[in-house]
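Whenever a hint applies, use it, and build me the whole structure from the sequences.
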Amino acid sequence: MIELWHGLVKALELIVTLDPEVMEIAGRSLSISVTSALLASLICVPLASLIHFHQFRGKRALINLVQTFFSVPTVAIGLFVFVLFSRAGPLGGLGLMFTPTVMVLGQMLLITPILLGLTISALSGVDRGIIDTARSLGASGLQTSIVILREARFAVMAAIIMGFGRAISEVGIAIMVGGNIRGFTRVITTAISLETSKGDLELSIALGTILIAIALIINIILNRVQQR
Amino acid sequence: MALIETVNLCQRYGERDILKNVNLRIDRGEVFALIGPTGAGKTTLLRLIDLIDEPASGKIFFDGVDAAAPAAVRLGMRRRMAFVLQKPVVFNLSVYDNIACALRWRGVRGSKLKEKVNHITDVVGLSDYGNRNARQLSGGEVQRVAIARAIAIEPEVLLLDEPMANLDPLSAARIEELISSIIRRYATTIIMATHDLSQGQRLADRMAVMMGGELLQTGSSKDVFTSPRNREVAEFVGVENIIDGVIASSEDNMVTLESRGRSIEAISDYPVGAEVCACIRPEDITLALSRISSSARNSFEGEITWLVNMGPLTRVEVQCGFPLVAMVTKRSAEEMGLTKGKKIYATFKATGVHVIKRN
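Protein chains in written order, with this note's numbering: chain A, 55 to 282; chain B, 9 to 367.
It is possible that part of the hints are untrue.
Derived, one-sided and incomplete: chain B residues facing chain A with beta-carbon distance under 8 Å [stated by the list, open to error]:
#, residue
1, Leu83
2, Arg86
3, Ser102
4, Tyr104
Chain B residues, not near chain A, derived (Cβ > 12 Å throughout) [said to hold, decoys possible]:
#, residue
5, Glu13
6, Gly22
7, Arg24
8, Arg33
9, Asp58
10, Arg88
11, Gln94
12, Asn100
13, Leu175
14, Glu243
15, Ile255
16, Arg268
17, Tyr278
18, Glu283
19, Thr337
It is worth saying that the hints were derived from the structure and are not from the lab.
Treat the numbers as computed from the prediction; the structure is a model and nothing was measured.
The beta-carbon is built from N, C-alpha and C at its ideal position, and this holds for glycine as well.
Dropping the structure here:
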């Protein structure tokens, strides 16, 4: 108990004094996860619109498949990306293994089903009357799609924030394809894992506190967005 | 050439026929009311006319052009119309942006856009609401935004689906006044669906009675109200006295109709032996305490079975071999001392009887 208390006090000190190592790790975590969430949304929002606004055979099955991947284990994605980008893998020649780039790609893969599925749900949730109103006022197909996206904007934003939350809190991909290299690919989750195994609880707790603070901020934003 | 024409238009949802061979012609500048009970198919017909939905079969011609055309042509036609839905939905935007959106879709920008939106918000009495989120408005205000949004594009055809439904009497009166002013101000062709007969009568040049997906009667409001084509239309337009009978004699279109041992005289060209219904509007019946000598051809002695006060009027039900409903002023009822069980004479003119063929 005393050890935990000491850890908490030390962690607070590290945060308050803006310890360079803590800030660097937290900053890298944020930049990798924000990048992956933004890039994934650039792909997923148009793709979800495409799926939602078009009728095709197997649409329901595709949505079910996407939803199945909501809870895919991060280590499974990590393994897949590892095989893809390892020296002997099909994309090994790119030399991206153990770089922040491959971590971004891995996280994008992880959150794509979430973003895709939740964006489709958000678009489906738009009142049928909105679509009829837009069409009855002379909106073209594209203009109607924009109206629907605009109406669903808060739910779509919530999906993006959810995706970011999943990305920043995952550890499997970051450790498997990032390699937890100090000053290069070390992020909050991999650092906590390493420092805890080394017995350095202060740093682990400090980083854990930052992660929880980020989760709290995400939740607050999410609640605000969903209330609109 | 009619601005809008439908030819044998049918719509079907699953196994249910919603519209059955609807043939309609609406001229430019006309105010046309579709009246009928809920579920008659009015909304379905408006949606087809606005080209939102596609018919199961039949044709729609817009300004002489077949609407079964490529998407771009249909969009062009749709952009000449505007449709205010029964439950108007506003976009999650300001009142200004709600009204501006359809103009923006048509490429109107800058000062012209601002000028148009401001003018329309003035017309509908929402000039102080421009910056407010439309989702925060009351039902009547939302309806005004929906109408403003529709007339902002200056449509050739304005489709209104139950524009006063779900509104309190005050808001409904304001919306009706707004529609009247639109009719006076713009030469827009208006097609309006309503189940409110008096509203249709007040606003429309012509109306059609729609029931069970069919147009049962089309004509001027006077024609529809005074000369309903069949029993369903008569019942819907408020003819409370529909008496079944058989034509017993006919001379120069003056017929005598036998019903339960009583004879009713009427003007009709149905032949002797035809099974018919005599339709008499309650307001065409005069009540008297004794038999009066007048030019009215029909006078029956009866007994009052029920009286109900309805504002300034009293609805009196009389049994005179067949039941009759008459409307008299409350003051007359009081002066005559009308009470349940009192003997009374119900009198009406032969010209006040509209004879229709029994189904």
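Hint by hint, here is what the structure shows:
1. A cut of 8 Å between beta carbons decides the hint on Leu83/B: the least distance to chain A is about 6 Å, and the hint holds.
2. Here the hint on Arg86/B is kept, as its CB sits about 5 Å from the closest CB of chain A, short of 8 Å.
3. A cut of 8 Å between beta carbons decides the hint on Ser102/B: the least distance to chain A is about 13 Å, and the hint is violated.
4. For Tyr104/B, the interface hint is violated, since its Cβ never comes within 8 Å of a Cβ in chain A; the closest pair sits about 15 Å apart.
5. A cut-off of 12 Å between C-beta atoms confirms that Glu13/B is not in contact with chain A; the least separation is 20 Å.
6. A cut-off of 12 Å between C-beta atoms confirms that Gly22/B is not in contact with chain A; the least separation is 18 Å.
7. Distance to chain A confirms Arg24/B as a non-interface residue, since its nearest Cβ pair spans about 19 Å, more than 12 Å.
8. In this structure Arg33/B is separated from chain A by more than 12 Å, as the shortest Cβ-Cβ distance comes to about 22 Å.
9. For Asp58/B, the shortest C-beta to C-beta distance to chain A comes to about 6 Å, within the 12 Å cut-off, and the non-interface label is violated.
10. Under the 12 Å C-beta cut-off, the non-interface status given to Arg88/B relative to chain A is violated; the minimum distance is some 8 Å.
11. Consistency note on Gln94/B: stated as away from chain A, yet its beta-carbon is not over 12 Å from all of that chain's, at 9 Å minimum.
12. Its beta-carbon lying about 6 Å from the closest one in chain A, Asn100/B breaks the requirement of being farther than 12 Å from that chain.
13. The beta carbon of Leu175/B is kept farther than 12 Å from every beta carbon of chain A, the shortest such distance being approximately 17 Å.
14. Listed as a non-interface residue, Glu243/B keeps its Cβ farther than 12 Å from every Cβ of chain A; the least gap is roughly 32 Å.
15. For Ile255/B, the shortest C-beta to C-beta distance to chain A comes to about 50 Å, beyond the 12 Å cut-off, and the non-interface label holds.
16. The claim that Arg268/B lies off the interface holds: its Cβ sits roughly 52 Å from the closest Cβ of chain A, which is beyond the 12 Å cut-off.
17. Residue placement check: Tyr278/B keeps its beta carbon more than 12 Å from all beta carbons of chain A (closest about 45 Å).
18. No beta-carbon of chain A is positioned within 12 Å of the beta-carbon of Glu283/B; the least distance is around 46 Å.
19. The non-interface label for Thr337/B is consistent with chain A: the shortest C-beta to C-beta separation is roughly 45 Å, beyond 12 Å.
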